[in-house]
Amino acid sequence: MCGSTEFIYDPRRGEIVCKVCGYVIEENVVDEGPEWRAFDPDQRAKRARTGAPMTLMIHDKGLSTDIDWRDKDIHGNQITGMYRSKMRRLRMWQRRMRINDAAERNLAFALSELDRMAAQMRLPRRVKEVAASLYRKAVMKKLIRGRSIEGMVSAALYAACRMEGIPRTLDEIAAVSKVTKKEIGRSYRFLARGLNLNLRPTSPIEYVDRFGDALGVSSRTKERAKEILREAIKRGITSGKGPTGLAAAALYVASLLEGEKKTQREVAEVAHVTEVTVRNRYKELVEKLGINVPM
Numbered sequence: 001m002c003g004s005t006e007f008i009y010d011p012r013r014g015e016i017v018c019k020v021c022g023y024v025i026e027e028n029v030v031d032e033g034p035e036w037r038a039f040d041p042d043q044r045a046k047r048a049r050t051g052a053p054m055t056l057m058i059h060d061k062g063l064s065t066d067i068d069w070r071d072k073d074i075h076g077n078q079i080t081g082m083y084r085s086k087m088r089r090l091r092m093w094q095r096r097m098r099i100n101d102a103a104e105r106n107l108a109f110a111l112s113e114l115d116r117m118a119a120q121m122r123l124p125r126r127v128k129e130v131a132a133s134l135y136r137k138a139v140m141k142k143l144i145r146g147r148s149i150e151g152m153v154s155a156a157l158y159a160a161c162r163m164e165g166i167p168r169t170l171d172e173i174a175a176v177s178k179v180t181k182k183e184i185g186r187s188y189r190f191l192a193r194g195l196n197l198n199l200r201p202t203s204p205i206e207y208v209d210r211f212g213d214a215l216g217v218s219s220r221t222k223e224r225a226k227e228i229l230r231e232a233i234k235r236g237i238t239s240g241k242g243p244t245g246l247a248a249a250a251l252y253v254a255s256l257l258e259g260e261k262k263t264q265r266e267v268a269e270v271a272h273v274t275e276v277t278v279r280n281r282y283k284e285l286v287e288k289l290g291i292n293v294p295m
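Residue numbering for the sequence shown follows UniProt numbering, beginning at 1 and increasing consecutively.
None of these hints come from the bench; they were simulated from the model. Do not take every clue at face value.
Straight-line C-alpha distance at most 25 Å; calculated DSS-like pairs for lysine-lysine [as the list claims (entries may be wrong)]:
| hint | residue 1 | residue 2 |
| --- | --- | --- |
| 1 | K182 | K142 |
| 2 | K178 | K141 |
| 3 | K142 | K178 |
| 4 | K288 | K241 |
| 5 | K241 | K283 |
| 6 | K182 | K141 |
| 7 | K182 | K241 |
| 8 | K241 | K262 |
| 9 | K142 | K181 |
| 10 | K72 | K86 |
| 11 | K137 | K178 |
| 12 | K262 | K283 |
| 13 | K283 | K261 |
| 14 | K234 | K288 |
| 15 | K241 | K181 |
| 16 | K137 | K181 |
| 17 | K72 | K46 |
| 18 | K234 | K283 |
| 19 | K261 | K288 |
| 20 | K182 | K137 |
| 21 | K262 | K288 |
Derived Cβ-Cβ restraints for the label pairs, each shown as a range [to be verified]:
| hint | residue 1 | residue 2 | range |
| --- | --- | --- | --- |
| 22 | V139 | M92 | 23 to 29 Å |
| 23 | R145 | D40 | 46 to 52 Å |
| 24 | K234 | R116 | 39 to 45 Å |
| 25 | R88 | V176 | 31 to 37 Å |
| 26 | G33 | R122 | 30 to 36 Å |
All C-beta atoms, glycine included, are put in the ideal place defined by N, C-alpha and C.
Please build the complete structure, drawing on both the sequences and the hints.
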């Protein structure tokens, strides 16, 4: 063997060979793909023999079946008369049987609410799955009893955002929730204690890209803001201060240094903090890091 690290998989022979010298690295490799071929998405969908993957976002994890809402038979012909009314009754009973107790009704409502909130906030699927997992664990431990479903769902979503490195503030969660910021905070603390969630404090650096995109600044300015925050963290300046205010102040400083000046009001609105907070954090960063800001 020549020592190259570039390999090619040959599906016809079931072999992995070296791209440079042709040496067979592995043979008789099992092809785990389908035995059929498809040349367009429609053909692939028709030939597939499996359903959607299991998901925690549906109360029964997507493992049940549904009677199609269209009144058509297997050949696509319209069902009429007695059979049509019979299918409607079957459809109604099938819906009732899927959610047959209070726990499942709770879960079905909570997960639909979770999906709505996550969609409004444009959160990725992985965050929704983690939030659904947290809520399910809370139901199993009987942490939901006597508490607001919306509050616990909001708390699970807030925790999931932090766990997945896509932090959202309590204000942002409250904006799409049906409960107050205070209620979400209380529910989050209760959920964290009940599930033993040891989440690290959110770093202000994690907010820079999102706030920077909302402000319309360049990647150079965002990277400069991150450098300022890294130095501030290193010196212990950020201890005990809100991450959103620090991220906003760092972006304000970086915009001045990079010639993309933004007002304190613009930065404050994006970060959902007050201008006073931005001003105070700005002064601390400039003074303690010795930054010469052009006026």
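Discussion item. Holds or violated: K137 and K181, Cα atoms, limit 25 Å.
Written reply: holds, 23 Å
Fill in: Given hint K137 paired with K182 - CA-CA distance at most 25 Å
holds, 23 Å
Discussion item. Please verify whether K262 and K288 have alpha carbons no more than 25 Å apart.
Written reply: holds, 22 Å
Worksheet item: Taking 25 Å as the top limit, are the C-alpha atoms of K288 and K241 close enough?
Response: holds, 15 Å
Worksheet item: Given a hinted range of 39 to 45 Å, is it respected by the beta-carbon distance of K234 and R116?
Response: Holds: the Cβ-Cβ distance is about 41 Å, inside 39 to 45 Å.
Practice prompt. Starting from K182, check that the Cα of K142 is at most 25 Å away, please.
Written response: holds, 22 Å
Item to complete: Would you mind confirming whether the straight-line C-alpha gap from K241 to K283 stays at or under 25 Å?
Response: Holds, because 14 Å separates the two Cα atoms, which is no more than 25 Å.
Discussion item. Can you confirm whether the C-alpha distance between K137 and K178 stays at or below 25 Å?
Written reply: Cα-Cα ~22 Å, so holds.
Discussion item. Against the 25 Å threshold, does the CA-CA distance of K72 and K86 hold or violate the hint?
Written reply: holds, 13 Å
Discussion item. 46 to 52 Å was suggested as the range; check whether the CB atoms of R145 and D40 agree with it.
Written reply: Holds: the Cβ-Cβ distance is about 51 Å, inside 46 to 52 Å.
Discussion item. K261 and K288 were given as a pair; does the straight-line alpha-carbon distance stay at or below 25 Å?
Written reply: Distance of about 21 Å is within 25 Å: holds.
Worksheet item: Lying within 23 to 29 Å: is that true of the beta-carbon distance V139 to M92?
Response: holds, 27 Å
The earlier numbered hints are all upheld by this structure, with none contradicted.
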